[in-house]
Structures are given as structure tokens and as C-alpha cells.
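There are 4 protein chains.
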Amino acid sequence: MSNKLKAALLGASGYTGADLLRIGVLHPQLEFTALTANTHAGKPLGTVFPHLDGLGLPRLQQTDDMKWQDFDVVFCGLPHATSQEIIAEIVENHDRPRIIDMSADYRLRDPDSYQKWYGNKHIAPHLQEKAVYGLSEHYREQIKDARIIACPGCYPTAALMALIPLAKAALIDPADIIIDAKSGVSGAGRGLKQNTLFTEAGESLSPYAVASHRHSAELDQEISLAAEQQVAVGFTPHLIPMSRGELVTCHLRLAEGKSAADLRAALKAKYDVEPFVHILDEGVMPSTSMVRGSNLCKINVFEDRIPGRAIVIATLDNLVKGSAGQAIQNFNIAFGIEETTGLQQVAMFP
Amino acid sequence: MSNKLKAALLGASGYTGADLLRIGVLHPQLEFTALTANTHAGKPLGTVFPHLDGLGLPRLQQTDDMKWQDFDVVFCGLPHATSQEIIAEIVENHDRPRIIDMSADYRLRDPDSYQKWYGNKHIAPHLQEKAVYGLSEHYREQIKDARIIACPGCYPTAALMALIPLAKAALIDPADIIIDAKSGVSGAGRGLKQNTLFTEAGESLSPYAVASHRHSAELDQEISLAAEQQVAVGFTPHLIPMSRGELVTCHLRLAEGKSAADLRAALKAKYDVEPFVHILDEGVMPSTSMVRGSNLCKINVFEDRIPGRAIVIATLDNLVKGSAGQAIQNFNIAFGIEETTGLQQVAMFP
Amino acid sequence: MSNKLKAALLGASGYTGADLLRIGVLHPQLEFTALTANTHAGKPLGTVFPHLDGLGLPRLQQTDDMKWQDFDVVFCGLPHATSQEIIAEIVENHDRPRIIDMSADYRLRDPDSYQKWYGNKHIAPHLQEKAVYGLSEHYREQIKDARIIACPGCYPTAALMALIPLAKAALIDPADIIIDAKSGVSGAGRGLKQNTLFTEAGESLSPYAVASHRHSAELDQEISLAAEQQVAVGFTPHLIPMSRGELVTCHLRLAEGKSAADLRAALKAKYDVEPFVHILDEGVMPSTSMVRGSNLCKINVFEDRIPGRAIVIATLDNLVKGSAGQAIQNFNIAFGIEETTGLQQVAMFP
Amino acid sequence: MSNKLKAALLGASGYTGADLLRIGVLHPQLEFTALTANTHAGKPLGTVFPHLDGLGLPRLQQTDDMKWQDFDVVFCGLPHATSQEIIAEIVENHDRPRIIDMSADYRLRDPDSYQKWYGNKHIAPHLQEKAVYGLSEHYREQIKDARIIACPGCYPTAALMALIPLAKAALIDPADIIIDAKSGVSGAGRGLKQNTLFTEAGESLSPYAVASHRHSAELDQEISLAAEQQVAVGFTPHLIPMSRGELVTCHLRLAEGKSAADLRAALKAKYDVEPFVHILDEGVMPSTSMVRGSNLCKINVFEDRIPGRAIVIATLDNLVKGSAGQAIQNFNIAFGIEETTGLQQVAMFP
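Residue numbers (this note's numbering), protein chains in the order written: chain A, 111 to 460; chain B, 111 to 460; chain C, 111 to 460; chain D, 111 to 460.
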């Protein structure tokens, strides 16, 4: 009866899924008619996420019980490998729905890179070419028609938003990119792990996966493409005692004769027309509290003290622009809906 | 040109004002055409609250420069005493706008009580009768026509939502009400105080204003009215190391022959039709994370271990249902707008 | 070679065990010659608790491998039921070591009460009479000679320190004691639970186990003894977004003719000679940050707004005076060592 | 009567001063006979720092009332410029006490550099040569005889501990040192600033003073000395939502033919004999929770993904090894006391 587009959400018991619902439930052209969470099948959503109680959303169900042809779109918030299999099953056997995947399974163009970083063989390398890397502001045209939209990881979204325009314009040395990244604990998901207990992560700070984080693969892929040369980026993530938010500090070597002002100009030129990516005024410090709960990414550029170097810092909410918000943005692009629809949440502070 | 209602916000540099803007800027029938903040007059809002940058809101200005007749409504987020004076000036000299006051200045029906608790003499006791205590679910009819709507304090909103129906139905002993209350640090405002520094309030917990908090006056007033007898309530607030959220644990003596089940039934009867006040299922623990950022109040009832006693616990976001959200709700009621308009934000978790 | 007393710590992989080591390793008359942690047996302690690396402590081992006669004292930080069995095995078959138990297994004088609250039948009810309830300041004489010292729970330590002197002196109505308690997340231990993840417990506040927390049994037992009448206390704990610290707000009805000043006088009379329990000056708010990391308990008394009522608030570090510190204090008492030895850590702030 | 060394602490109302007392009060050869805090003169210390109540420390007094000849040592925790003046007054007019300064005033060998970074002219450039840069493990011999010991800043202590041995051994390119630093909020002191309110700094993360932090001056000075060439280091600090702790992530270019293993070997060779500086086992992530409250500095070395680069990460407690603890360590060195005396606090976790 409703003429909203019908959506399924796979993996509704994770934080990414929950935030997709927080945002999506108010989207005027989107209706969630099925939510899956295998271990919680049969339960009302409110027993798993009390903050989502009372919104009229369907009960959780098994993925196996889904009739894929009933949906216009499937948002996939499942773990890697699982996503790949289900998405392959859908795409190979049905001509709808379209897939907006928040997992890592279709982000890497090179199946060997996937296997190297994720440990399992790519199940459907032939489908990889139907997939578009869903960094909205950079792949908008391809997203419009894609069957599979592989939303980027949270760290790559922040870092690439800052770096792609600089690499494309050859303003920086792509072989000397150092990304020192910081994330709130929600990036680790809702699974039970000792290091994400309040008592362990609270009042503490530590790096993790130094020089070995899987998001490195996406970063290498996209920066190499932008720079038109194969590079490996330095990437050092840190776990910060806060729930949401992400900030990447990119330490960059300028190309010969270029300055921090050139970087600023290039970023402004690219993003001035973009509703969700803002270049801050000179000297303003980006802060995760500027973007918490919103689909915004805020960026600033600083001269370094080392001659010939600059620092570019980007911040976003890892669960929104870094995941669920960008997924909704891609949904809007894919279905020809005004891109900001449903995404005008103002950042929540304090 | 817009046929939205024109609003001024006085005190736009405080947290309450900021949250009113976060919510109100998306309200389809509300337009903020003036924002005041005397010490920041002339500045763009984004320099004071970076998370509100880029929303097209007006620059901050002096209160003295306001032309009151230009507004349909004035939201007042000023400190006490200051509010009283400005509101008196407006109401005595102009037949519009209507006033929605988030300060304490017109909450107390008895000017002597005001003077006792707030230390200064009530400036306009004759206007007090034009003011309605804006606890939306309990004073809806009076709010519709009031010139001054005095929104309750955050603690009273939570506690009274739980207690008024019980006192009215004589289910509890109104002379033995113990409210053990807990609030996040935003309740203390944005002013600079040593005890609200991160290093002082973080990883720590303490009571404050034990048996002497000003919100006691509102609690006494409204519970005495509901119970039809003059009472003083026990009220002990605590400062909790979180930014937002409030939870009140009400330790109650049951009236002769009454049970916790009777309390639950009375609360359900009162609130089942209400969109913003929910009685949780038996055994479910209220948590501030269920309501963060939303206009919801969630309540549950528990039997105590002491015979003849019960515990009723209510939670809300102190900046939303406890202040700015309830102000918008009252605006909707006052102007005949569907009450949930602009207030459908889903709680943000994690 | 050393003439220190030889100690084993059972359960060295929990927070309580870790804090016993943090404190005990600097105790001049105590030497830990064995540490057990069954699931980590064989590992260096530093792999389980990096902050305890490099202190020269022994590797973790299996409990089964222990030769009990090698120890002067066994500190037991095992889960309930497990403790009971191992302690029974030791006490029935060996005439040393003495046992300082931080679990709940020998705290309840009545084996039926144990079974009711802990769900399993008491394994060794005949040994219960060899056990002393180790609330140091109240059972000092009995602790001197006890074979089994059952250290109180963290909440009971704080609450009983405030309430026993008042109940003994008949200054309060023991049938109307309401304890509204707040604890940091370390009280929940290091086990993996969803509600203690940083993302769940952070920036949030909620009650738990309302009117059903197991510590109620100890509270009832000790207050009934002090008051010489059988009572059930009201006890409502809350989880606070901080790692350490505990504060109990006791809402009390005064005995006929008594005042808050009488309570203060009784507490001062009892504790003025005690090194670890301080009555704060009138009006000073207790705060967990006053005692963090130390063996102190700080208490203050306030008049309530309800006539005939008073509020007594006590705070301590749940892992120190609420557990490991009190265990060391009891060790000192039991072995005739100056009671403050090894316990002079100053609170850590900020 | 006591044969302890007599100490004055100037600036006892700041966090650094408070932590010096927390640690120093248990030092067997140190006695604080005077504490100054001009704005609180006359008050008991416990009114300013409740956690330091009951320790028998003297009342706060004015600096002007001090008789310098009464002290063996003066610890100075005053703001910059103020320190310089008082220290000059002492040193020029009295032949005792010795000075252990925790401010920045005598850290920079070049008075012009001081003026450039701190904004005021150096008051006593002729005294600068009597001052030793108090990085204990690197200037031990000079500290033994120095009149003025200028303890390093917290960030430089962490970074230099990692970098000096590498620069001295020419294992890295000193002209390409990028220090991405993170600190808890206590680093900002106890002064009232909006950005250090709980509501502003909590659940948030931001850089500050990018490429312009005053600690850059010390870093440049000491690395240039070690490398025997004048360099400017990249230094980008970030404010982390925790009270204590600091972690510096040093992104380094290896010298031709050198590897991460070479860096590890050099650091191990330097620090294996040091009680307070530990090189972690390969792959172990440094975390501020490993060192909280202790005088330890923990360091690890990682290969980078960019060929020819490595990452060295160091962590310490900014108030202890980064300030008050190192001051006590320098006191021990200066007075010929065993260096670990009074500094054996085990890190506090959780």
C-alpha cells in the first residue's frame, strides 16, 4: 500500500545495522519490511536494541527465510565472507533487489588482495565487476547503476575523502602517505572481546593492528588508482575511549613546489558543492564532536614544521558517514532520490 | 516569505539552546530568525557551536536589539533572574510573541518560594498567573492558551512523570517520597566550573546539593498539588561521568493495601496513549542509553524488598525531554501543531 | 630464604586478584610464591595483565598443582561455589594455610540463605563456623584467630561501615533502610558480557538487579545482628560509566528523637581511631575520586528534607577497601602485623 | 628531628603538584615542610585536593613567605615565567636549596628559542647554564651536580626516550621525524577552560596546536643534539577523552640499510639496565593502561608498510614519568639516593 521502497536489513543485531535503522526509519521513501539476525530470530528488535523499541519495525528473522524478490534493496551488515555468499546467491538467482553492502566483501577489485587480507578465497570473483566502491562523492555516477554497492570501510572513507583529490591532482607524494588514525570503540562492533570492555578500553589509549589493518587494502587500491601508480600507505589505527567517532591525521609530503594552501584549494574545489563534506576554515581544529550522529565529514589542512610536508585531518562518525549514513546516501543515489533525503540529522553535542 | 512560525532563541550559547536548535532546525513549521548570546554578539553560531555550523542559522546578536513583535514565539534559555526580567518586559509591553521559557523563573506558583530557593525577589509576581507549568503530558490543556509556558526542570520532568499519577490516585504515601537522582554533566551547563572539568568529573561519582537542590521547590509544588496535601520530598542528586542523560530512582511507600502492580497499572493507564512516555515491560531496566538524544521518557516499576515499599525508576535525556525537546513539544501544543512534529528523533546508541 | 610470609593467590586473572597483587607486591612481609588461573596456566602474568609485567611474580599455574602446606596464607579470588570447594578441601585436610576469601562463599552464617541467594547448596556448612565475616573495623578480634576470613562484598563494606554503628546504637529504624548504590564497571569483573562493553556501559547509566542483588543477604545478616531484630534492607544498585569506585547513598529514618547530628556523633566516635575510615567535615560531598586506588572509606551525614529522615553517604574503591585492600588489611590483622602495613597508597587523582 | 631531606613544593594546587605529593609523601627520605599556592594560601591542602586530606601535610602558604635556606630541595610546579623569576631569585641569593623545576622555564638552552616559543624574554639567561635538562636516563651524570634540574615536558619525555638512542646511532633520518602524539586531559592542567570541560572533551577527540605546540622546541633541541644536525620535528598532539596517560606514535624514515630490528636492538641495548624504561616484546601493543600511575615508560618498534619506514610507539603517565615521577627520580639522582626509591608504585589497572 505504501509506495515507499521496500528494504531488508541483513545483520540487524550489529551497531552498523542499528544505526542504519536509527537513520532509515525516518527516511520518507524507505520502509524496512524485513530484518535478519540469525541468533536472535523470532525476537522483537527492542529486546536486542532497546533504543529501537516502539518504532513499528518487524521482528528479527532468519536470513534463510527471506524472499529476495520482495525487496527493492537489501542493506547488508553481515560479517565478511558471510556477506559474500549471500550476496552472490541473490545476484546470481534474482534480478532484484539491489545490494548495498556495508561489509568488506566486494570492496577490493583484486580477488587476490581480498584473499590476502581477509584470509578466505573470494567466492564470486566474477561478480566483483558488478560491484562499485561506494565512496559516494567519488563514485556517484557508477553508483547510480550498480547492482552491488560496496560501501567503504570507516577509516578509508575518512582518509580517502581527504587524499583522493590530492593524489589525483599530484599535489602530494603518494609513496609517502602516513595515516595516523583514531577510532571510538564502536568500530570494533558488538561482539564480546576483552579489549573492548569498559574496564579495558576506558581511561586508556592504544594502537592496534599497526601496519597490518585490513583497511590498508582499500586505501592502497584507491590511492593507487587516484595517483596512477601502485603505492602502499602507512596506516596506524588507535583505539580511543569514546563510543563513536573517527579522526584520521594524514602526514603528507608535498609534491615539488606545492604548498598546504594548494591542498586546501584542491579540497575546497572538489567539495564546495558537496552537502556532506566540509573544508573547515583555516586554523579550526576538526573534532569528532562536530559530526557525532551526522553524515558529515569535516576536513582541514595544516602546514607541517618539516619543510615540504603538510598535515590533513579528517573526521566523521564511523557509524554514519563511515558506514550506515553513507549506505543511505548511496541508496538515495542509486534510486534517484535527492541525495540528502533522510540524512539531515544535525550532529549531537554535547 | 516562509509561512513557518518565526522564533527567537534567547541564550543560544548554552547547551539547552544548542539542543533546541539541533532539534528545531528540522521542524517543518518553525524558523529561527534571531538568536541571542550577549557575550558572543556578532559572531556566527558556528564559532560558538561548531556542530551547528552550516545550517543557515542567523548570527548571534544582543538581546537588546530584538524587536519582539517580529516573533511568534520566543524560546528562552537564559539563566534565572535574567529570564524573568526579559519575559516581563515582553509580556507587559507587547501582545506577542508567546514565551516558552526553559529557565526556572516562572515555574513556581508561589513568589515566596521563588525567592527562598533562587535568592532574588520575583520581579513580576503578577505575571506568574499567566504562566503554566509546562509538563506537557500533565498540563496540555493549559499550555494551549498560555502566554508564558514555564518548562519544568530536567529532574522534575523525570520524577513528576513517574509520581504525579501515583500521587493523584493516592497509591503512595506522598510524605515519604525519596528521589535518588543521577544526571550527566551537561545538566551543569557550559559555564566554567572546576567540578565539571573532565579531569574532575571523569572516572568519578559524587552527590551534590544534597537535600538543598532548587528543583526540590518544583517537586514539592507539583506533588503537593497532585496529592492534595503539602509535602516535602527527599531529593538527592548525583553527578555521573557522562555528558547526557538522567535517571531518577524513586523509593516509595505504598498506600495501605496497594502494590507495585497497582502503580504499574496506574502509569500504564495514564501513558498508554502518550507518544513520548513509555512504561517498560516488567523486569526491563531503564537506561539512559535508551533515550539519548530523543524526547522519550521511559519508566519502570519494581517491588522493593522492604514490605510495603516500591521503586519507580524514570529516565530521559536531560537536554531533550528534560529541556529543549519538551519546549518544542510545548510549542507544538501551544500552536495547534501535531504534538510529535519535529520530535521523532530515534535515540542514538551507542 | 626470605622471612616473608608465603602466599598463594587463587584466581589471579580477575580484577580483584590483580589489585591484590598491585598492592601486595609492595607489602614488606608478604611474598606471593604461587598464582593460579586455570585457563591461563603456564603463562607469565604479564600476558594476562600487562600492567603487572616485570614485577618478578611467578607464572600462572593450575589450582590442582598447589601444595597447600607450602603457604602461610591463601588469598582466594575465585568465583563462588568454586571457592567453597577448594577452601573446604584445604581446611579439612591441612592445618595450614589460613584462608582469606574474597568470594561470597563463607560470608553467610546461614547455609539456607547461601543456597537461596547463590543457587547452590552450601558444600561445607560445618566449616561456616570457622569463618569470620571479615569487615575489618567490626570483626577485628575474631579475625585475629580465624582459619577462614570471608571478606565482605564491596557494596556491603561501604554500606555496613555507615550503618552498623547507627543500628547498634538504635539511632535509626532498621526496618526502613534504603540503600541506593552506585558502582563502577569493574565490579562486574573481567568476564565477557554485553552490558559491560565500553559501547554499552559508556555514556550510560542504569540500575540492575533491583531488589534482587545477592549482596542483600549480607546486608540483611549484618544489619539484623547489629539491630538485634530481623530486617530486610532496600538495596538498589546502579552501573556507572567509570571503571572503579563505589558510593552508597543510605536513606534512613531516624529513631524517635534522634537527629542527623546524633548519627554524625556516633560515626565519629566509632571511627576517629580508625586509619581507613574517615567521617568528612559537615557539608563536604563524598566522591569516589577521593579514595580511588586507596584503602579508604569516606562517609558523611546529611539531614533530609523529609522530617525525621537523614542521608548517610559512604564511598570506597570497590577493588581496594571493597575487596583486595580489605583482604590485605585482614591479613595484617590475622598475622599480627601493624594494620596499615602495605596499605598507605594515597588516592590517585585525577 | 627527622633526618629526611626537607622539601618545598611551589604550586601545590595544580595536578602536577598534587601527583608529586601523592608519590612523594611515601618517599622514605623526603619530607614536605612547605607547600605554596598563592590563591589558596592559609587553607588546608585537603580543601583544594580532598584526596590528599589526612596525610599530615602542611597548610598552603604564599611563596613570598618562604625562607629558602630552610630547604634542601624546592620542587617547582608553577606556570612558566613565574617559575623563572622565583628560581632566579633563589639561585642568585642563596646557596641552597637545589631546584627541581617541572615548568618549561629552564629547559631551552637557547634564550632566543625560549622567547620565541613562550612569548616572554628569558629573565635569567646567565642561569641557563646552571640548568640541566632532566631527562633522567639521558642526563644522569649532569643531574648529579646540577643546581637547577629542568624536568622535560611530558610529550618530550615520551618521544625523546624513543628517539634519542635512534638519532645518536644514526639509525633514522632526523630530518623526517613525525610525532603523532595523544594525551589525556590532565595535561591541560586544572585551570578553567571550555575545551577541557567534561561535556566538551568527553566522547570526543581532536588535535590541537598542530605544528605549533611549545614542546616542539625541546624536541628540536634534543634531537638536533643527538643527531648532530639542526632539525625541526613534526609534532601533532591530540586531546583524548581520558584523564591521564600519553602515547606518542613516531613515524620514522630509516637510515639507508637499517631496519626496524636495528631500532629495537638499539633501544634494548640502551634501556635493558633501566628500571623505568621497558622495550615491549615484539608485537605487544603499548597502552596507557600499562603505566597509569607508575613511573614507567614502555616502548615498542614496528615495521611500517612503506618501505624504508618504521613506527616507534612510547607510552607513559603524563603526570608521573612525564612530570612528578621524573622529578622524584631526578631528586634521587641529585641527592645520591637509590634511584627507584619511592617510585615503585605498580600501575593501576583497571
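By construction, these hints were calculated from the structure, which means they are not laboratory data. All values reported here derive from a predicted model rather than from experimental measurement. Be aware that a few hints might be false.
Put simply, identical chains are the same to the list, so a pair is met inside one copy or across any two.
[To be verified] No more than 20 Å apart at the CA atoms, straight line, and that leaves these computed lysine to aspartate or glutamate pairs for EDC-like:
{"no.": "1", "residue 1": "K153", "residue 2": "E392"}
{"no.": "2", "residue 1": "K254", "residue 2": "E199"}
{"no.": "3", "residue 1": "K368", "residue 2": "E338"}
{"no.": "4", "residue 1": "K380", "residue 2": "E449"}
{"no.": "5", "residue 1": "K114", "residue 2": "D182"}
{"no.": "6", "residue 1": "K226", "residue 2": "E449"}
{"no.": "7", "residue 1": "K254", "residue 2": "D174"}
{"no.": "8", "residue 1": "K254", "residue 2": "D163"}
{"no.": "9", "residue 1": "K254", "residue 2": "E195"}
{"no.": "10", "residue 1": "K378", "residue 2": "D163"}
{"no.": "11", "residue 1": "K368", "residue 2": "D286"}
{"no.": "12", "residue 1": "K153", "residue 2": "D391"}
{"no.": "13", "residue 1": "K226", "residue 2": "E413"}
{"no.": "14", "residue 1": "K380", "residue 2": "E392"}
{"no.": "15", "residue 1": "K226", "residue 2": "E199"}
{"no.": "16", "residue 1": "K278", "residue 2": "D163"}
{"no.": "17", "residue 1": "K278", "residue 2": "D175"}
{"no.": "18", "residue 1": "K153", "residue 2": "D382"}
{"no.": "19", "residue 1": "K177", "residue 2": "D372"}
{"no.": "20", "residue 1": "K114", "residue 2": "D286"}
Structure-based check of all given hints:
1. K153 / E392: between (50 Å within a copy, 17 Å between copies)
2. K254 / E199: neither (22 Å within a copy, 57 Å between copies)
3. K368 / E338: This pair counts as within: shortest intra-copy Cα distance 19 Å, inter-copy 29 Å.
4. K380 / E449: Within one copy, since 17 Å is at most 20 Å while 41 Å is not.
5. K114 / D182: within (10 Å within a copy, 35 Å between copies)
6. K226 / E449: Neither. Shortest intra-copy (35 Å) and inter-copy (49 Å) distances fail the 20 Å Cα cut-off.
7. K254 / D174: Neither: 29 Å inside a chain and 52 Å across chains, both beyond 20 Å.
8. K254 / D163: neither (33 Å within a copy, 30 Å between copies)
9. K254 / E195: The answer is neither: 24 Å in one copy and 57 Å across copies each exceed 20 Å.
10. K378 / D163: between (41 Å within a copy, 17 Å between copies)
11. K368 / D286: both (15 Å within a copy, 18 Å between copies)
12. K153 / D391: between (48 Å within a copy, 14 Å between copies)
13. K226 / E413: Only across copies: K226 and E413 sit 18 Å apart there, 36 Å inside one copy, limit 20 Å.
14. K380 / E392: within (17 Å within a copy, 43 Å between copies)
15. K226 / E199: Neither way: K226 and E199 sit 23 Å apart in one copy and 53 Å across, limit 20 Å.
16. K278 / D163: neither (46 Å within a copy, 29 Å between copies)
17. K278 / D175: Answer is neither: 45 Å inside a copy and 50 Å across each miss the 20 Å cutoff.
18. K153 / D382: neither (45 Å within a copy, 22 Å between copies)
19. K177 / D372: neither (52 Å within a copy, 45 Å between copies)
20. K114 / D286: neither (47 Å within a copy, 53 Å between copies)
In summary, the structure is inconsistent with hints 2, 6, 7, 8, 9, 15, 16, 17, 18, 19, 20 from the numbered list given earlier, while agreeing with the others.
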